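There are 2 protein chains.
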Amino acid sequence: MKAVLELCSQAKTAFRSLPFFSAKQRTMLLISLADILVERCDLIEKENRKDVDEAQATGLSGAMLERLLLDHERIVSMANGVRSVAILPDPLDQIFDERILPNGLHVQKQRVPLGVLAVIYESRPNVTIDVAALALKSGNAVILRGGKESLHTNAALASCVHEALATCSMPVGAVQFLDDPDRKRVDELLSMDHYVDMLIPRGGAELHTYCRKNSRIPVITGGIGICHLFVDESANLEKALEVIVNAKVQRPTVCNALDTVLLHERIASSFLPVLLKRMQQEKVVVHIPEPQIKKFSLHCSEFVRSMKEGDWDREWLSLNLNITIVSDLAEAVDFIREHSTAHSDGILTEDEQNANQFLKAVDSAVVYVNASTRFTDGAELGLGAEVAISTQRLHARGPMGLQELTTYKWVVRGNYLIRE
Amino acid sequence: MKAVLELCSQAKTAFRSLPFFSAKQRTMLLISLADILVERCDLIEKENRKDVDEAQATGLSGAMLERLLLDHERIVSMANGVRSVAILPDPLDQIFDERILPNGLHVQKQRVPLGVLAVIYESRPNVTIDVAALALKSGNAVILRGGKESLHTNAALASCVHEALATCSMPVGAVQFLDDPDRKRVDELLSMDHYVDMLIPRGGAELHTYCRKNSRIPVITGGIGICHLFVDESANLEKALEVIVNAKVQRPTVCNALDTVLLHERIASSFLPVLLKRMQQEKVVVHIPEPQIKKFSLHCSEFVRSMKEGDWDREWLSLNLNITIVSDLAEAVDFIREHSTAHSDGILTEDEQNANQFLKAVDSAVVYVNASTRFTDGAELGLGAEVAISTQRLHARGPMGLQELTTYKWVVRGNYLIRE
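Protein chains in written order, with this note's numbering: chain A, 55 to 474; chain B, 55 to 474.
Hint data in this document are derived by calculation from the structure and do not stem from the laboratory.
All values reported here derive from a predicted model rather than from experimental measurement.
Worth double-checking, as some hints may not be accurate.
[What the hints assert, rightly or not] To spell it out: a stretch of chain B is covered by chain A in this simulated footprint if at least three of its residues, at any positions, have a beta carbon under 8 Å from a beta carbon of chain A; those stretches are:
| no. | region |
| --- | --- |
| 1 | 154 to 163 |
| 2 | 262 to 270 |
| 3 | 410 to 421 |
| 4 | 435 to 449 |
| 5 | 458 to 465 |
C-beta atoms are modelled at their ideal positions from N, C-alpha and C, and glycine is treated no differently.
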């Protein structure tokens, strides 16, 4: 087993040779990887079977198992994902902010890869391929540490990535796999700030907090979404209802799913019954503050519950929804600022001025007017794919695609110029 | 004394009201601050005198004392600095990456302030005003923690900033001062990641390492510069000599001063004697590897010394310079990659191809062709001023001005659009 230091150092060495490969070579690498994934389908399925069998033996639940499973169709879809990243515009080498200063200095910024990335993630093995593809397309090296449930699958996928690198005569060390369930090795990784430039934890809040607390490597925090929609008094309520249903129900287990609906009090008495009825049809359990249950003479039931403390600050990830009434836009904004994780929050309104006021006051990574929060996703917002959704403010916010895996350097030219 | 939590929470509250002030209001705030600094000159000098007297009593050294001192001229120059930041173009609200996606979603990114900044710095009190001006101009709130040597001065400067905020009816809480030498309060600050978005340590390597290790807030690391110049065989040696002298001698105590010169072996025997002679005239002590001292039959003296272990990896910050001979450009690049802190490194050459090869292979924050490393500075590179010089790769590299104190949010509009 490779020492963590060795693995980081190999990634850095590989990274240093990557600038010498062209955009075309990086594109061809990804196409080769896609082909190899399809060719090695049987092997991948076989190794995945081992993980699935072990997971079943340890009593892993249905949803987790489902995420772990790779069949022929999923592997082909993974390969197609790699192909779609391959043909994205090259993110490197652009020149920007170019100018000639009064002293004659020629200054420009040039887009370059971010460096060595480290990604810590949980069960879904497709992350292995998604992240490797995005990292390599943007000229980065990457250290991957997948979940212990998918060790065999990830090893098989790793071998495909290494085969592609070798086939294209590119440095195999550019993608490193930390295939060891020992948490101590993760701690060691977190101290490697001399080798690793960015750490992306992909998992629950606990993993993020752990990394932020223990990592010397700059961390991208994200992926926790307590998402809100405010229904303004001017909203088209029929259409607003469909947006709420979509945001809550289309895929309730993900970070951009809706958690809380705020209703303007002027439309509450007409809209609340419609909303509750529809939520019950969609099997969504609704949580409402006790005083409002009384005020609107609602009956608590399997689908209408009195709010418990902390429900506002909870990412539901399931068919549950908070509903509350606010007296105006300002109160809605204050509520969102207090309870949002600054992931995705929106307003449903026909009033342009209210829309603009909301957009100005709510400073989440993605702010919406009349659209579902479910659009917060790299592919949906036009990035092709994503390595993470950042909810911090440094470096990148929202879905992170190829551009967010780059940085810049200053390139400065003079005629033997000295500072006065 | 305010609790750290209270101070952070007040900064965040103030930050939330800042988007509602216009670019003009932020500009006027800075002009008001500049006026107040000049008006309060006597008070500032009086308070500064206390710090200087205390520092002298505790035996603070000449250079440190010199940095601490504020006289009338320096205060006026500080005020002029604020005026020059005031008139810089507004960094906020620009729209970029705008597009309409095939599903009709209207997507744009909007530049917004970074949030609540925290800056930990050492003796120079002008940092207090520089940072406050840059932060406020870019719509950020900031928590300042200056050195214990400048407590009285910083308190006086703080009162000027607060007076300016109050005069302009802007939230006084936007600038917070942590005026307490207790290190425990710094530790507390480092844990306030729910309130603070970016931490900038300005000081020695020890402070940076401490912050990186202990902060939960994202840290900008920088300010440590082990800077290199490579003299290619094609360089105009007469002009190259002047660039080397400038980079080493013009202000040797700062991070962008030169630490190591690499000479191509083909020009070493002719250029080395000239370089050594000039360095001696400039009172620069030169450090050369023992084998090269022998090879070029040099005599060790007060100004020519045999290299000691670790000299390559030392930021001199003084009239000392490493010189070594390399066999070619590739060896120079390898040397720089090994020993540079990725701050500022350059090539002196007449050969365009070599220049380009160097620029591609050396991935420092600022890379130079035929110019002094001393240009790595916000004002020199056209940013007006700087809050720090980043040597990390995340978020910003090199001098950080107004733009680097901003981030963006995604603004997404639809016609009650739902995800399929």
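Against the structure, the hints:
no.	hint	result
1	154 to 163	holds (count 3)
2	262 to 270	holds (count 3)
3	410 to 421	holds (count 8)
4	435 to 449	holds (count 6)
5	458 to 465	holds (count 5)
Of the numbered hints given earlier, the model fails none.
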